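**Student:** Hey, can you work out the whole structure from these sequences and the hints?
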Amino acid sequence: MKHATALLLAVSALSLPILPALRAAPAAAATPAPSARTTLGFDHGWRFVRGDVADAQAPGFDDSGWTRVDVPHDWSIAGPFDRSNPTGAAGAFLPAGIGWYRKTFTLPPGSEGRRVSIQFDGVMANSDVWINGEHLGHRPYGYVSFAYDLTAALRPAGQANVIAVRVDDSKEPASRWAPGAGIIRHVRLVIKDPVHLAHWGTVVTTPRVSETGATIHVATTAVNQSGAERTVRLEELLFDPAGRLAARAVSPAQAVAPGNSAELGVELALARPELWDVDSPRLYRAVTLLESADAPGAVLDDVTTPFGIRDARFEAATGFWLNGRNLKIKGVCLHDDGSAFGAAVPLSVWARRLAALRALGVNAIRTAHNPPAPEFLDLCDRMGFLVMDESFDCWTVGKNPYDYHLHFEKWALTDLRDMVMRDRNHPSVILWSAGNEIHDTPHTELAKRILASLVRVYHEVDPTRPVTQALFRPNVSHDYDDGLADMLDVVGTNYRFNELLAAHAAKPSRKIIGTENNHELSSWLAVRDNPAYSGEFIWSGIDYLGEAHAWPGIANSSGLLDRTGYPHPDGMIFASWWASHPMLYVARRVAHAAPPPTDPGYGKAPAIPAWRRQVLFPDWTPTNTAPHDEQVEVYSNCDQVELFLNGRSLGAQSRPADLAPRAWSVPYSPGTLRAVGRDGGRVVAESDLTTAGAPARIHLSVDCSRLAPGWNHVATVTAVVTDANGVPVPAASNEITFSASGPGSVVAVDSADNTSHEPFQASERRAFQGRCVAMVRASATDGPITVHATSPGLGSADIVLTAVP
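The UniProt record's numbering puts the first residue of the sequence shown at 1, with every later residue one more than the last.
The hints are simulated quantities; they were obtained by calculation from the structure and are not laboratory data. This one's a predicted model, so the numbers in the text were calculated from it and none came from an experiment. There's no promise every hint is true.
Here are the computed distance ranges between Cβ atoms for each label pair [to be verified]:
| # | residue 1 | residue 2 | range |
| --- | --- | --- | --- |
| 1 | F644 | D486 | 53 to 59 Å |
| 2 | K171 | A253 | 51 to 57 Å |
| 3 | R456 | D55 | 38 to 44 Å |
| 4 | T212 | D639 | 34 to 40 Å |
| 5 | D486 | G65 | 55 to 61 Å |
The calculated lysine to any residue pairs, modelled on SDA-like cross-linking and capped at a C-alpha distance of 20 Å, are [said to hold, decoys possible]:
| # | residue 1 | residue 2 |
| --- | --- | --- |
| 6 | K171 | A54 |
| 7 | K328 | P466 |
| 8 | K171 | H138 |
| 9 | K448 | M487 |
| 10 | K507 | D482 |
| 11 | K328 | S509 |
| 12 | K328 | N530 |
| 13 | K328 | R528 |
Glycine residues also receive a C-beta, built at the ideal position from the N, C-alpha and C atoms.
**Tutor:** Next up, the structure:
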């Protein structure tokens, strides 16, 4: 299939520049002099056990029998899938329960007299943390990042310390999708001077932006945890995208009393800045140096903040604008899991997935329905995605017996403040979302009180970005009429786009966006044809674990991509509407898709089928080989498409104004179906579908040929079952066994089958729709890694990667 090959090449071409950037990240963050603070990766060398264990927080507890793991770690993804698991269909039938982690460590020399803290990017869920037996705190929300000061309970440098973490998701159901379980994100140890910059205390804003000049304001908080008054100043260094010093400023000196903090800030001017944009995501670095005014040149602490210079705004009449350009938001909603990796997702997996979405024309991501991992936003910054950063899936009215509604009143404002402080420097983030389909809204006064408190936090911590909410059947709960919708800077609604447009017509001062829409062409045409409608986020961008509705399903099939990152036919339909490069895609339609479920009013939401009946087949290998007519559709943004069967033209069709697919009724004959796309009479895209024979071979491809070691780096090897002529066999389901030799190993396998209960942490996988994948990680910095695939009756195939530093 030529069009499938072209898509994969496009995805690989987009992926490759990102992966070296991941390796280069530490160097990019380096300051001009050695850092005044020490940041230690704290991911390696943990011990883990499932189940509740008495006294496991005690320093002298014997954990030698526990499993050695590195984090991020999602223990639930190891399964097994079981119909009796209390997580149910919503949680992909994965196990739940209690788990313990312990890590023994010593402080490095020179730590005496300094402050030491531990930073967790996310622990799922209901975590408790101890240091040397002393309880540090509890956090129920598994998606928020948090930190604890360890200093008072630490032993002197060279002596052993023990950190213990208990996670508890034993009360189920607690989520509408599979959230993972354990220390699912990165951990680090930070050692700094008693006089230092506050955690998440540095904020970079750009109050004036144009092509000719920009004003950069940097504000930070200096904290004095020493025993004496200290006089400090701020020195700010701005580095441009090429790493050159672009501006420097120094603040006035300020005295900070012991136990107190002080706000410091500087303003810098840049001529002809390089703007951050979706097509050119240029990033600057602000290096913030906290200096002692009593000892000139003595740096007490430093923080590096990547940021982008851009002007993003919503207008009521004309929608979204970026750097003076009117831009439609073509977004998708993404859950947190990475399929075979669960909620502990290597960054290269996200890079590959985002590149595949970009190839479809996607330019925006909604983090449904929770704060994402911080490195995910780093990736969106580097790749040029716009982000709607969402906080909650529920407030005080729950959607499951044990979900976040149990903690909302006590924890929501703390969790929200932490989220906004953490994420406010990301240029990709253009919009905050206070919640998804919140069931409090029928209780008008309660919902308005809560929303007012949330919006207040958003605006206090980050006055530069607007706030929306994914409203839930707002006409039924009267959100447009009772004042709730108008508490939002941008009114967002899930589905029901006609009602949203009517609400805008009734009050044209409202700024509007489709926070969640289905795959229907009508919803995109509403965005395209209404200037006020800023854009939409499609449910969903990628198939995800959970929300499966019924056994044997374990995942939801609503994605534009399947769980391996390969496009569904629906994804290519969207590409024909959204992509800027010439494209075409050919499929057989065997039936019309069922209409989306009706939504008559407030109450139980209609069930979305967990796995859709397949009605589009991107092949020319029907099971019926007798004479019959096939309904062929071509999805393309080309001016004209001509279809050929075995070299004979079946006619050409121009692109319709309503973007409907171009369709032919084709008498079936084995051979090659070929589509040719033309713009201005010139051939700009082609696609071939050839009738496949019996399964005979394995063809391997890989998304990157050079692989660095490290948890965040994996290569995805795709195995396609072909016939003797190399034509993919779409119905092949052969089991393929993978292995690796050299400095690398197979760490997971997967397929797009949303009803398969095969384990991910294995070496074999049954092909689905003729494909399956293996994920490979390097263990050294040089040498060839040979990935070997074999299957009875298909022979074997090899592909070679190179391990690099």
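**Student:** Check the following: the C-beta atoms of F644 and D486 are separated by a distance inside 53 to 59 Å.
**Tutor:** At roughly 56 Å between Cβ atoms, D486 and F644 fall inside 53 to 59 Å, so the hint holds.
**Student:** Could you tell me whether the CB distance from K171 to A253 stays inside 51 to 57 Å?
**Tutor:** 53 Å, holds
**Student:** Tell me if the straight-line CA distance from K448 to M487 falls inside 20 Å.
**Tutor:** It holds: about 8 Å lies between the C-alpha atoms, which stays within 20 Å.
**Student:** Holds or violated: K328 and R528, Cα atoms, limit 20 Å.
**Tutor:** With Cα atoms ~8 Å apart, K328 and R528 stay inside 20 Å; holds.
**Student:** Hint check: K328 vs N530, CA-CA at most 20 Å. Holds or violated?
**Tutor:** 10 Å, holds
**Student:** Straight-line Cα separation of K328 and P466 no greater than 20 Å?
**Tutor:** Within the cut-off at roughly 17 Å; holds.
**Student:** K171 and A54: Cα distance at most 20 Å?
**Tutor:** Given pair K171, A54 holds - Cα atoms ~19 Å apart, limit 20 Å.
**Student:** Given the hint that K328 pairs with S509, does the C-alpha gap stay at or below 20 Å?
**Tutor:** 19 Å, holds
**Student:** Within 38 to 44 Å: is that where the Cβ-Cβ distance between R456 and D55 falls?
**Tutor:** Given about 43 Å between the Cβ atoms, the range holds.
**Student:** May I ask you to test the hint 34 to 40 Å on the CB atoms belonging to T212 and D639?
**Tutor:** Holds, at about 38 Å.
**Student:** Given the proposed pairing of K171 with H138, does the C-alpha separation stay at or below 20 Å?
**Tutor:** Distance ~16 Å between K171 and H138 Cα, so the pair holds.
**Student:** Run the distance test for K507 versus D482: straight-line Cα separation, threshold 20 Å.
**Tutor:** OK: K507 and D482 at ~13 Å, within 20 Å.
Of the hints listed earlier, there is not a single one the structure fails to meet.
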